[in-house]
Amino acid sequence: MPVESMSSIDDLMSRIESDPYDHEAHFLLGVEYLRQDMVEHAFKEFKETVRLKPEFAPAHYFLGNIYMYKEWIDEAEKEYETAINLDPGYLDPHISMAEIFRIKNKVPEAMTEYNKALSLDPNSVQAHLELGELYLEVCELEKSEKEYRQVVRLMPEDSDAHLSLSGILYLRLNIEESIAEARESIRLDPGNAYAHIILGNLLSMRGNNKESLEEIKKAIGLEPENPEFHYSYGMALLANEMYDEAMAELRKTIKINPYHQEAYIAISDYLLDEDRADDAVSELKGGLKAFPDGDELHYALGLLYLDLEKPDEAIEELCAAIRINPEYAEVRYDLGVVYLEKGMLDEAEGQFRKVLEIDPDYEDARNALDMVLEKSVKKG
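FYI, the numbering for the sequence shown is 1 to 380, going by full-length UniProt numbering.
One should not assume that every hint holds.
Unchecked claim - Quick list of the computed label-pair ranges, beta carbon to beta carbon:
1. Arg51 to Pro258: 47 to 57 Å
2. Pro258 to Lys310: 22 to 32 Å
3. Pro258 to Asp370: 38 to 48 Å
4. Asp370 to Glu309: 25 to 35 Å
5. Leu345 to Glu142: 42 to 52 Å
6. Lys104 to Gly221: 19 to 29 Å
7. Lys310 to Pro190: 44 to 54 Å
8. Glu309 to Tyr69: 48 to 58 Å
9. Glu316 to Asp273: 17 to 27 Å
Claimed, not checked - With a Cα cut of at most 30 Å, we get these calculated BS3-like pairs of lysine-lysine:
10. Lys218 to Lys252
11. Lys116 to Lys106
12. Lys285 to Lys354
13. Lys289 to Lys255
14. Lys255 to Lys217
15. Lys252 to Lys289
Hints were generated in silico from the structure; no laboratory data involved.
Cβ coordinates follow ideal geometry from the N, Cα and C atoms, glycine included.
Required output: the full structure, derived from the provided sequences and hints.
Right, here's the structure in full:
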C-alpha cells in the first residue's frame with residue numbers, strides 16, 4: 001500500500017539532494033505535490049520513482065491516476081495492470097482498473113475487478129458503490145440493490161447512501177421501502193434538497209398529495225434556483241388540478257432555464273387539454289425560438305400537428321427532431337407511420353428499417369415494416 005507523505009516539500013527535496021536514488025523520497029514528494037495540486041511536478045516524481053524502482057507498485061498506481069487525470073486511458077490501464085501484477089493484494093488498482101473497463105464498456109471485466117477488490121476488502125464502500133452503479137447500468141436491479149444495501153450497512157449515517165438505496169428500491173417498485181429510505185436520508189440531513197424532492201415525488205405516486213407538495217416546497221426552499229425542483233412542483237400541482245399555480249411554477253422553470261424542453265411541453269399539453277390548440281402550438285414554437293436544437297420540442301410539435309390533422313407540418317417537425325438526434329427511434333417510427341398513412345411507402349420503409357437498426361427489438365417497427373413490404377408487393 002502507498003505510504004502517505006508526512007514531510008514537507010523542502011524536507012523531501014533536501015533528502016533527494018542528499019541521495020538522488022532514494023525512490024521513496026521521490027514517491028513521497030510526488031504525493032505531496034499531488035496534495036497541493038501540482039500535478040505536473042507529481043507526474044515527474046512518480047515517473048522518476050518508477051525508473052529508480054520499477055517493482056514499486058504504489059508508484060505505478062499513482063502514475064496511473066495522473067494518466068487518468070490527463071485522460072490518457074490506455075497509459076493509465078498499463079500502469080494499473082503493472083501495479084496489480086506487482087502486488088495482487090493492493091486494493092486501489094483493482095478499483096481503478098474496473099473504472100477503466102467501465103470507460104471501455106468492458107462490463108464483465110469491470111465486474112471481475114470490483115469483485116477482486118471486495119475479496120481483498122469486503123468493507124470497501126467505493127467498490128460496493130461503484131459495483132452497484134454498474135449493475136444498475138446493465139439493469140441487474142436485484143444485484144444493484146444488494147450492493148447499495150452494503151453501502152448503507154457500512155455508512156448508516158450517510159444521507160446520500162440512503163437516498164441512493166431509495167432510488168434503486170423505487171426502480172424495483174418497492175415504493176414503501178423507497179419512501180422509508182428517503183425519509184431516513186432527510187432525518188440524517190434535513191438540508192438534502194434532493195432527498196426532499198425524491199420523497200415528494202414518491203409520495204405523489206402513492207397519492208399523498210398534500211405531503212408531496214410540502215416536501216417539494218422544502219426542496220425549493222433549499223435550492224430556489226433549481227429549475228428541476230420548480231418543474232417537479234409544477235407537475236405535482238397539475239396532478240392536483242391546481243392549474244394556475246402549476247402554470248406559474250412551470251413558467252418559473254423556464255425563466256431559470258429557457259432550454260427546459262419538458263416545461264414547454266407540459267404547458268402546451270395543458271393548453272391543448274383546455275381546447276387552446278393555437279396557444280399550445282405557440283408555446284412549443286416559443287420554446288423552439290429559445291432552443292432551436294430542442295429535439296423533444298420538435299417531436300412534441302410534430303405530434304401536436306398530427307393531432308390537428310396537419311401531416312405535412314408534422315413531417316417537417318419530426319424530420320427536424322431526427323436531424324438533431326438521428327438515433328431517436330421513437331421519432332423515426334412515428335415519421336414512418338405518417339409516411340405510411342400518406343402512401344409514401346419507400347420513405348416509410350426507410351424509417352422503419354432505420355428504427356430496427358437502432359433497436360432490433362422494436363416490434364411495432366418490425367410489424368409496420370412487414371406491412372409496408374406487403375403493400376409494396378401488391379402495388380408492384
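Outcome of the hint check:
1. About 54 Å separates the C-beta atoms of Arg51 and Pro258, a value consistent with the hinted range of 47 to 57 Å.
2. A C-beta distance of roughly 26 Å is found between Pro258 and Lys310, which places it inside the suggested range of 22 to 32 Å.
3. The given range of 38 to 48 Å is respected by Pro258 and Asp370, whose C-beta atoms sit roughly 43 Å from each other.
4. One distance hint, 25 to 35 Å for the beta-carbon pair Asp370 and Glu309, holds here, with the actual separation near 27 Å.
5. For the pair Leu345 and Glu142, the supplied restraint of 42 to 52 Å holds, since their beta-carbon distance comes to about 45 Å.
6. The hinted range of 19 to 29 Å is not satisfied by Lys104 and Gly221, whose Cβ atoms lie roughly 43 Å apart.
7. For Lys310 and Pro190, the hinted distance range of 44 to 54 Å is satisfied, since their beta carbons lie about 51 Å from each other.
8. A hinted range of 48 to 58 Å holds for the C-beta pair Glu309 and Tyr69, which are about 57 Å apart.
9. Glu316 and Asp273 have their C-beta atoms about 24 Å apart, which keeps the hinted 17 to 27 Å range intact.
10. With a CA separation close to 16 Å, the supplied pair Lys218 and Lys252 stays within the 30 Å bound.
11. At most 30 Å may separate the alpha-carbon atoms for a hinted pair to count; Lys116 and Lys106 meet this at roughly 16 Å.
12. Straight-line distance between C-alpha atoms of Lys285 and Lys354 comes to about 28 Å, which keeps the hinted pair within the 30 Å bound.
13. Under the criterion of a C-alpha separation no larger than 30 Å, the hint pairing Lys289 with Lys255 is consistent with the structure, at around 14 Å.
14. Using a Cα cut-off of 30 Å, the hinted pair Lys255 and Lys217 holds, with the two alpha carbons roughly 18 Å apart.
15. Only pairs whose Cα atoms come within 30 Å are accepted, and Lys252 paired with Lys289 is accepted, the gap being roughly 18 Å.
In the structure shown, a violation is registered for the earlier hint numbered 6 alone.
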